[in-house]
Amino acid sequence: MDVTADAEGGFDLSRVIDIGKSIYSLVILLVLWEVVGQLGLIHYYFLPPLSAIIARFIELTLNGEMLYNAYLTLYRALVGLAIASVLGVIVGVLSARNDLVDWFFDPIIKIGYPIPIISLIPVFMLWFGIGDISKIIMVAVGTFWPVAINARDSTRQVQTNLIWSAQMMGTSDRRLLWRVVMPAALPGILTGFQIAMPLSLIITFVFEMVAGGGGLGALEIAGVRSFQSEQVYAAIIAIMFIGIGLDRLLRFTRSRLLHWT
Amino acid sequence: MRHATSRRIEGLPAPIQGVAQTLVDWIPLGILVLLWELASGTVVAEAVLPPPTTVVGEIVELIVTGDVFSHLFISLFRIGVGLGLSILAGVLLGVGMARSDPVENFFDIFLSMTYPIPKTALVPLAILWLGVGTEAAILIVFLACLLPIVLNSYNAAVDVDQNLVWSAQMMGTSDREMLYKVIFPATVPEIMTGIRQAVPIAFIALVSAELIASNQGIGYLILTSGQIGNYPTMFANIVIISAVAFVAVRGFEETRDRVLVWT
Numbered sequence: 001m002d003v004t005a006d007a008e009g010g011f012d013l014s015r016v017i018d019i020g021k022s023i024y025s026l027v028i029l030l031v032l033w034e035v036v037g038q039l040g041l042i043h044y045y046f047l048p049p050l051s052a053i054i055a056r057f058i059e060l061t062l063n064g065e066m067l068y069n070a071y072l073t074l075y076r077a078l079v080g081l082a083i084a085s086v087l088g089v090i091v092g093v094l095s096a097r098n099d100l101v102d103w104f105f106d107p108i109i110k111i112g113y114p115i116p117i118i119s120l121i122p123v124f125m126l127w128f129g130i131g132d133i134s135k136i137i138m139v140a141v142g143t144f145w146p147v148a149i150n151a152r153d154s155t156r157q158v159q160t161n162l163i164w165s166a167q168m169m170g171t172s173d174r175r176l177l178w179r180v181v182m183p184a185a186l187p188g189i190l191t192g193f194q195i196a197m198p199l200s201l202i203i204t205f206v207f208e209m210v211a212g213g214g215g216l217g218a219l220e221i222a223g224v225r226s227f228q229s230e231q232v233y234a235a236i237i238a239i240m241f242i243g244i245g246l247d248r249l250l251r252f253t254r255s256r257l258l259h260w261t
Numbered sequence: 001m002r003h004a005t006s007r008r009i010e011g012l013p014a015p016i017q018g019v020a021q022t023l024v025d026w027i028p029l030g031i032l033v034l035l036w037e038l039a040s041g042t043v044v045a046e047a048v049l050p051p052p053t054t055v056v057g058e059i060v061e062l063i064v065t066g067d068v069f070s071h072l073f074i075s076l077f078r079i080g081v082g083l084g085l086s087i088l089a090g091v092l093l094g095v096g097m098a099r100s101d102p103v104e105n106f107f108d109i110f111l112s113m114t115y116p117i118p119k120t121a122l123v124p125l126a127i128l129w130l131g132v133g134t135e136a137a138i139l140i141v142f143l144a145c146l147l148p149i150v151l152n153s154y155n156a157a158v159d160v161d162q163n164l165v166w167s168a169q170m171m172g173t174s175d176r177e178m179l180y181k182v183i184f185p186a187t188v189p190e191i192m193t194g195i196r197q198a199v200p201i202a203f204i205a206l207v208s209a210e211l212i213a214s215n216q217g218i219g220y221l222i223l224t225s226g227q228i229g230n231y232p233t234m235f236a237n238i239v240i241i242s243a244v245a246f247v248a249v250r251g252f253e254e255t256r257d258r259v260l261v262w263t
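Protein sequence lines correspond, in order, to chains A and B.
Each residue of the first sequence is one higher than the last, beginning at 1 in the UniProt record's numbering.
Each residue of the second sequence is one higher than the last, beginning at 1 in the UniProt record's numbering.
No wet-lab data here; the hints were simulated from the structure.
Treat the hints with care, as some may be off.
To be verified - The calculated EDC-like cross-link candidates involving lysine to aspartate or glutamate, where the alpha carbons are at most 20 Å apart (straight line), are:
| no. | chain 1 | residue 1 | chain 2 | residue 2 |
| --- | --- | --- | --- | --- |
| 1 | A | K110 | A | D99 |
| 2 | A | K110 | A | D173 |
| 3 | A | K110 | B | D25 |
| 4 | A | K21 | B | D161 |
| 5 | A | K110 | B | E254 |
| 6 | B | K181 | B | D161 |
| 7 | A | K21 | B | E254 |
| 8 | A | K21 | B | D25 |
| 9 | A | K110 | B | E253 |
| 10 | B | K181 | B | D159 |
Just so we're clear, the structure is a prediction, and the values are computed from it rather than from any experiment.
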C-alpha cells in the first residue's frame, strides 16, 4: 500500500505524477493519523497511532492468533457460501426452466429475499447453537437468495433463439442445459456470487460478534470489551485484506471464465 | 420484471380471474405456513418454533399494547438519519468526483480501499468512538449506504449527455446553474437506483448495529427476547422488521416510479 512514488531515474514522469495524485491524500491521512496519535491530540483509546496498530497487527500475525481467527472466519463464510451457491444455482436454474418449480419458489423468494437476514441470528442460536455449524447454516441461508435470484433471472434471459437452434440441431435436453443454457447464463450466475460473497462475510462477522466462538468478528469485539483498541483496528486491517483478496479472486475468476464474452 | 410462466388461470371472468390468480400464486407460501403450524409442537418443540398463530397473536398484542412502537420508532429514526445523511454526502461526493479532477484524486483511493470492507465489521469501531446507542447505529447505516449512492451518482454524472451541457453553455448558463439545473436533474434516476440498492443494506446495517451495540430498537428487542427465552416475541419482532423492510423497499419503488415521470 505504501507505494512511495520516487521519481527513480525519472524515465516516466507523467505516470509517477499520476500515481502521486491518486495516493497523496492517503499518505497525508496516514501521516496525520500517526502525528495526531503521537502528540496525544486524540485519546489513545479512540485512535491509537498507526505504528502501534501495525505493531499489534504484526504481533497478532506472528503469534498465529490473527491467522487462526481469519481461518475460522473464512472457513465459516466460504463453506456456507459454497452450500448456498450449489443450492441457489440448482433452484434458480430449475425455476427458470420448469413452471412447477417456479410456481413453488417464486412467492418464497419474494418473501424470503427482503428479510434482513441478520435479524435471524438469535433464531439460529436457538436452533443450532453458537458453533461452526450454526454459523455455516446461517451464511448458507442468507446468501442463497441473491445466488438463486440471479441464476433464475439470467437463465430466463437466455435467448430462445439459442435454445431453438440447438434443439433443431437435435441437442438432447441434458446437453442443452450444460452446453447452451448454463454457459449463456454464467455471467448472471457469477454476478450472484459477487453479491453473495460480501454478504457471507457480513453474516459471519456479525454472528461472531454476537455469539463469539473465535473468528475476526470475535477478535474485534474482544478488543472493544478489553479496551485494547489496537486490536480492533488490527482486526479491521485483516478484514480489509480479506475483502480485497476475495474481491480480486472473484473478478479474476470471472474474467477467466468469461473470456469469450 | 414480472414474469408470467407460472401457472396461468384462464377462462374466468376478469375480476374473479385476478383473485384466483393471486390465490394460486401464493399457495406455496400457504403450504409452508401450514407445515410450520403443524410441525410446531409435534416435530419440533413449540418453544423452539412457536406456531404462526402464536406469532401473529404476539404481533397483534405488541401493536395493541403499543410496546413495539418506541423501539420501532428508534429503529426508523436511525435508518432515516443514517440513510438521509448518506444520500446527502453520497450525491455530493459522487457528483463532485465526476465533475472535478482534484476532488476525484482526493477521494478515489479512500473509496477503493473501503469498498471491500463489509461495513458491519466496523460496528466495534463505532462502539469505540460513540459508545453503545443511537449514534453508533446511525454511523454504521450511514457508512453502509454511502458507497452504492456515491457509485451510482458518480457514474450518472460522468455519463451526463455532453450535448445537454453544451446546449446549456451556449445559452449562457453559469457553472453553478449548470450543476443545479442540468447535472443534478440528469443524474436523479441513477441516484434513485443507488438509494434503491441502499435501502435493504440500511436494514442489515441497522439490525447488525442493534444486535451488537444497542439497548433499544427492534434488533435489540430480537436479541434480548431470544436471550430470556421469550421466543414468540423474538419471532414477532423479526416478522415486524421484515415487513417494515419490505414496505420500505416497495414504497420507495412506487414513489420513484411516480416522481420520475420523465424517464
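Original post:
Which of the listed hints are broken here?
Top reply: 2, 4, 7 and 8
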